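Residue numbers (our numbering), protein chains in the order written: chain S, 1 to 97; chain P, 1 to 97; chain E, 1 to 97; chain F, 1 to 325; chain C, 1 to 325; chain A, 1 to 325.
A few of these clues could be false.
Under the rule of at most 25 angstroms between Cα atoms (straight-line distance), these lysine-lysine pairs were calculated in the DSS-like manner [as the list claims (entries may be wrong)]:
id	chain 1	residue 1	chain 2	residue 2
1	A	K59	A	K154
2	A	K91	A	K231
3	S	K81	P	K40
4	C	K39	S	K81
5	P	K40	F	K230
6	C	K194	S	K81
7	F	K123	A	K194
Here are the in silico distance ranges between beta carbons for each label pair [stated by the list, open to error]:
id	chain 1	residue 1	chain 2	residue 2	range
8	C	G192	A	S155	52 to 62 angstroms
9	C	F86	S	V45	55 to 65 angstroms
10	P	S29	C	G192	19 to 29 angstroms
11	S	H26	E	V22	31 to 41 angstroms
12	A	G204	C	G192	16 to 26 angstroms
13	A	H167	S	V45	27 to 37 angstroms
14	E	P78	A	S155	30 to 40 angstroms
Examples of chain P residues toward chain F, derived with CB under 10 angstroms [unchecked claim]:
id	residue
15	E8
16	D12
17	L14
18	E18
19	A21
20	E24
21	K40
22	R43
23	G44
24	L51
25	V54
26	F55
27	E67
28	E74
29	R77
30	R83
Calculated from the structure, these hints are not laboratory results. Predicted model, so just to flag it, every value in this text is computed and none were measured. Each residue gets a CB set at the ideal place from its N, CA and C atoms; glycine is no exception.
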Amino acid sequence: MQVVKKIEIITDTLEMNEVSAVLEAHGISGYTVIKDVTGKGERGVQSGDDLTDVFKNSYLLTTCAPEQVGEIVEAIRPLLKRRGGVCLISDAHWVVH
Amino acid sequence: MQVVKKIEIITDTLEMNEVSAVLEAHGISGYTVIKDVTGKGERGVQSGDDLTDVFKNSYLLTTCAPEQVGEIVEAIRPLLKRRGGVCLISDAHWVVH
Amino acid sequence: MQVVKKIEIITDTLEMNEVSAVLEAHGISGYTVIKDVTGKGERGVQSGDDLTDVFKNSYLLTTCAPEQVGEIVEAIRPLLKRRGGVCLISDAHWVVH
Amino acid sequence: MNLDLVLSNLLNPPVLFFFLGMLAVWLRSDLDVPQPLPKFFSLYLLLSIGFKGGVELHKSGINSQIVLTLLGAMSAALLVPFYTFFVLRRKLPVGDAAAVAATYGSVSAVTFIAATSFLSELKVPFGGHMVAAMALMESPAIIVGVVLFRLSPKSGESQSEALNWHHLMRDAFFNGSVLLLIGSLAIGLLTGEKGEAALHPFTGDIFKGILCLFLLDMGLVSARRISGLKKLGTFPIGFAVLVPLVNAGFGILIAHFLGLGAGDALLFCVLCGSASYIAVPAAMRLAIPEANPGLYVTMALALTFPFNIIVGLPLYMSVINSLWR
Amino acid sequence: MNLDLVLSNLLNPPVLFFFLGMLAVWLRSDLDVPQPLPKFFSLYLLLSIGFKGGVELHKSGINSQIVLTLLGAMSAALLVPFYTFFVLRRKLPVGDAAAVAATYGSVSAVTFIAATSFLSELKVPFGGHMVAAMALMESPAIIVGVVLFRLSPKSGESQSEALNWHHLMRDAFFNGSVLLLIGSLAIGLLTGEKGEAALHPFTGDIFKGILCLFLLDMGLVSARRISGLKKLGTFPIGFAVLVPLVNAGFGILIAHFLGLGAGDALLFCVLCGSASYIAVPAAMRLAIPEANPGLYVTMALALTFPFNIIVGLPLYMSVINSLWR
Amino acid sequence: MNLDLVLSNLLNPPVLFFFLGMLAVWLRSDLDVPQPLPKFFSLYLLLSIGFKGGVELHKSGINSQIVLTLLGAMSAALLVPFYTFFVLRRKLPVGDAAAVAATYGSVSAVTFIAATSFLSELKVPFGGHMVAAMALMESPAIIVGVVLFRLSPKSGESQSEALNWHHLMRDAFFNGSVLLLIGSLAIGLLTGEKGEAALHPFTGDIFKGILCLFLLDMGLVSARRISGLKKLGTFPIGFAVLVPLVNAGFGILIAHFLGLGAGDALLFCVLCGSASYIAVPAAMRLAIPEANPGLYVTMALALTFPFNIIVGLPLYMSVINSLWR
Ligand SMILES: Nc1ncnc2c1ncn2[C@@H]1O[C@H](COP(=O)(O)O)[C@@H](O)[C@H]1O
Ligand SMILES: Nc1ncnc2c1ncn2[C@@H]1O[C@H](COP(=O)(O)O)[C@@H](O)[C@H]1O
Ligand SMILES: Nc1ncnc2c1ncn2[C@@H]1O[C@H](COP(=O)(O)O)[C@@H](O)[C@H]1O
Ligand code: NA
Ligand code: NA
Ligand code: NA
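All chains, full assembly: derive it from the sequences and hints.
This is the structure we're talking about:
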């Protein structure tokens, strides 16, 4: 098993395309997205009950090499700064197959 | 990046309102909920295929300061004791923005 | 709180039944599944927008005792090898109730 | 019982789609009706049946016999959970007994709707106020069940916990299905023929089709639950088949005593004989956490519902036919 | 205003279901219309209204007055966000002002559809080109809002960031609801009576029923947002009620000046007086990130929409009736 | 080919909505039909087409020619994957060859349904047994494909793994779409005119409308897949356009040989010429893991399906017209 950093990003569904674009620009080729999760944060409740995607969040899970994590974080931070959201980093082991 | 504790709670969808109320009572102002996840545990299979929310789970993800985690856990435990469910605690880094 | 290993598996929705069967065969009695998540990986984009489950992923979360993790990983690896997907292992604490 | 009735029930498309759903599970097919489609069908069915009932009520107006019928319905909804609780108590822990009692005291909207489509198949008329009767019968059993649970000699901790009456009342009287049913009934009552003219193609013409889709899903869901019966043991299984018969019998007697027409009588008896698996389970899960939903939902969904749909409807109808003539 | 109009609006089933939805929220009921069902209803409604408009246009053909109406509609959609921006600017930060201006410059398809069902209730005819007018009025306000935001003295950083015009144009003119509406209109125009014969049971007969389900959900959604009004303060609340009146007034004048029929006039005035909460919020969220959606969505959804549905329709109609005779 | 046919196909609303869906993707619009709505439409379409076919069969009864047609259909479903496999084998790895062969041996229900709506547009009658033919043609190709894969000289490991025949048979014969189709057919056959009277407003009147919504989504889905064609190279692309033509040609010959009417002939030829993208991909994914779904799904969805809908239908019909007169 290989040591990786696990990155979890939660932000507006409308924002996710930009997030994944940034990740791919930094060579992240694999990620998982859970669309339309609800939540609460500084910008209030995201109930996702209306017809726009304005109040819907999405959750993105990806991994990167430990040495790469700083670069990714710096690339994501401005997006979160502008539109809010959350980014969590943790340690994990990747099952090589 | 700031050190936080990551808290994951999985329990009945019907129960989630109470869980988030408890969290907010303890000053947790941000969390993410994924409604209608399925699963299996001591109380059997939660297939979520019928019309009630009785056999549906929800997944809640939140974070707190390391020193606060004990208090939160004590507040959540009775709920899980009464109705079942799971609470996982792990270490993570929060990307400050 | 009790120390556990957290296991996250992401693979084809069509594959998940086999995955959970393998887990149960190894005495894992509790897990949570999030159906129909989307993603990108070696096998390309899984957009989940068509009528088959062929391009849909599911996410499975479970836990096991630290000493059991090697056995589980070896049981899961061939499935991932054959059909792709991801398995992440990390440390967590289980709130006993 | 009369063979024609059995056939005209079994050859009713909705019932056949119910079989198809069960068959799919037995063949281990991947046929599935994913959420929230079943939710959509049930919203549609509640809205339509409520609205049509309201329009009929608007036409018929309210008379003393209708009031009597509604009172009879409410008293049945109060008595059934009461007596069943003491039957159940002898074999089941108090929480389970109370939850099952509430389940059987309340009603199954889908069984009621299947009965209306059976009646229209037989061209037997029925009154719009029976929909009001159904609406009135959904909630009381929830309250009775919880009160009985609370008053019983303490065994589980949650019995002594403070009960949130406010929540309980809301779950009983304002839960989604009750509110939509009563609201649509009121809207039908208000708009009458004019509203009917506007909505009939939606609430009337395509009704049976949506019912087919919904019963297809019900077939899937209840067949999936049948595997859970093994765990229950003989008492709950026997209860789930016999008590509906007893309650349906009571229902027929009350209906006869109240002098209802044959159509209204069937609906009344189906309301008494059916068990809830939507409003009640959700309320019980919150109010009586130690009760096992694997018990009360499985009994209602895997046994009582199919039994009423397949055997009950023609059986009750033939009894009524013989008594009423 | 004329009581008959008030009643025939309030007794229109879709409006009653809107009330039912609001009531459910006030009673804290768990009644819910889960996604993607509302999305389904809105796809259906846009497809149907667009298609029917196209068929009508196919029958009526295009004449100079229709062209004038469309030009009038577009200019209204350009002027409203322009003047409202400067009103809003005096109290709100530039981002919010621009977003709210765009919201009120654009249109609410559901309000338009409710107006058509109100007219059919009153048996007042209207032209298919009004659907084209609605389609034309959705997008311009988005562009105007963003341009005004960009030209204002810089306050937020994102004002100076390079604007992705390509994205903006796409979000404005090719967003899902605009495209489906225009596409269905074109399909109706192409297939005419033949298409109508094939689709009318779907786009026509069950239309009011689906509208009831959709307005039930709209009632839930807008009542949930009402709690958010407290945070907004008096200015936005006053704006959300008064400006629609003013814009509707403008609309009536333009309609009178263009010599539209009473039905077309009501639709024109409703287009001017309504505020968007589908196309615009999504576009603003991306183009003006510092604008607070809790402001512009809440104003449109919790106040302006119910106001137009409940008070606006009969009020505007009675004004038109008095002016037109 | 006959221009009238081309037009009456292109001006058929469902086909126009298919174009609208494709257009939305090319314009990068956010127009979307979120799951499970497409699933709902396909459940509806399979139920309706199956039920209507059953009712027709109930009326027509079963005669020797119907039996011959069904036998012809089955043999086509067995031969097509067989010969195509050896064509494909020369260019593709064994897994991909087997999966593509199965895909083209099976049928596309939506293409079949579009053909029926094209025929009703042309007022050309067709028999209910053609639905039975479709049901019979879905599964065999799956078995043939897997068997050919297993018998080929080993290249991938999963070829030597033990095959779960039990699972394979279930996926082939009891998968959701096949079961719903056959079940609805049986229900139509059982209930006949009586069932038709009850369900026609649902299965008949609104059918074309739902088909429009479904083809709108199919347009989105298949246009999204077109980008995947680049990766495939010329052979699969050529195959995806030419082989349907060849198979449709075979189909027309068999139909002519069997002496089918023009309507049945078109349906027969569409069944031969179409490729599955629902039942087969799911089965192949499990039975032949090394086959690349990006290949077989993309070929069927991004090329063969639109080709048949847009070019195929009028082309096949004009050939049939010329041969049949
Ligand atoms: N502490 C947290 N833990 C988990 N999710 C969070 C947390 N804070 C915010 N979120 C999620 O991030 C979304 C945007 O956060 P915010 O920008 O603070 O409104 C919220 O709607 C939540 O879904
Ligand atoms: N070990 C586990 N890992 C992940 N999820 C679990 C685990 N055990 C239980 N769950 C989830 O928690 C829900 C309730 O658990 P229980 O109360 O044990 O039935 C289950 O339906 C699962 O979704
Ligand atoms: N690095 C990663 N992080 C998170 N999820 C991943 C990652 N790589 C792949 N996935 C998920 O696993 C699925 C299958 O991966 P693959 O077999 O590589 O195509 C993808 O569709 C993603 O949903
Ligand atoms: Na009952
Ligand atoms: Na406006
Ligand atoms: Na074929």
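Right, here's what the structure says about each hint:
no.: 1; hint: A/K59 - A/K154; in the structure: violated, 51 angstroms
no.: 2; hint: A/K91 - A/K231; in the structure: holds, 15 angstroms
no.: 3; hint: S/K81 - P/K40; in the structure: violated, 38 angstroms
no.: 4; hint: C/K39 - S/K81; in the structure: violated, 30 angstroms
no.: 5; hint: P/K40 - F/K230; in the structure: holds, 19 angstroms
no.: 6; hint: C/K194 - S/K81; in the structure: violated, 55 angstroms
no.: 7; hint: F/K123 - A/K194; in the structure: holds, 13 angstroms
no.: 8; hint: C/G192 - A/S155: 52 to 62 angstroms; in the structure: holds, 57 angstroms
no.: 9; hint: C/F86 - S/V45: 55 to 65 angstroms; in the structure: violated, 32 angstroms
no.: 10; hint: P/S29 - C/G192: 19 to 29 angstroms; in the structure: violated, 58 angstroms
no.: 11; hint: S/H26 - E/V22: 31 to 41 angstroms; in the structure: holds, 34 angstroms
no.: 12; hint: A/G204 - C/G192: 16 to 26 angstroms; in the structure: holds, 22 angstroms
no.: 13; hint: A/H167 - S/V45: 27 to 37 angstroms; in the structure: violated, 45 angstroms
no.: 14; hint: E/P78 - A/S155: 30 to 40 angstroms; in the structure: violated, 19 angstroms
no.: 15; hint: E8; in the structure: violated, 22 angstroms
no.: 16; hint: D12; in the structure: holds, 7 angstroms
no.: 17; hint: L14; in the structure: holds, 6 angstroms
no.: 18; hint: E18; in the structure: holds, 9 angstroms
no.: 19; hint: A21; in the structure: violated, 12 angstroms
no.: 20; hint: E24; in the structure: violated, 18 angstroms
no.: 21; hint: K40; in the structure: violated, 13 angstroms
no.: 22; hint: R43; in the structure: holds, 8 angstroms
no.: 23; hint: G44; in the structure: holds, 6 angstroms
no.: 24; hint: L51; in the structure: holds, 5 angstroms
no.: 25; hint: V54; in the structure: holds, 5 angstroms
no.: 26; hint: F55; in the structure: holds, 7 angstroms
no.: 27; hint: E67; in the structure: violated, 31 angstroms
no.: 28; hint: E74; in the structure: violated, 18 angstroms
no.: 29; hint: R77; in the structure: violated, 14 angstroms
no.: 30; hint: R83; in the structure: holds, 5 angstroms
Against the hints set out earlier in the document, violations occur for numbers 1, 3, 4, 6, 9, 10, 13, 14, 15, 19, 20, 21, 27, 28 and 29.
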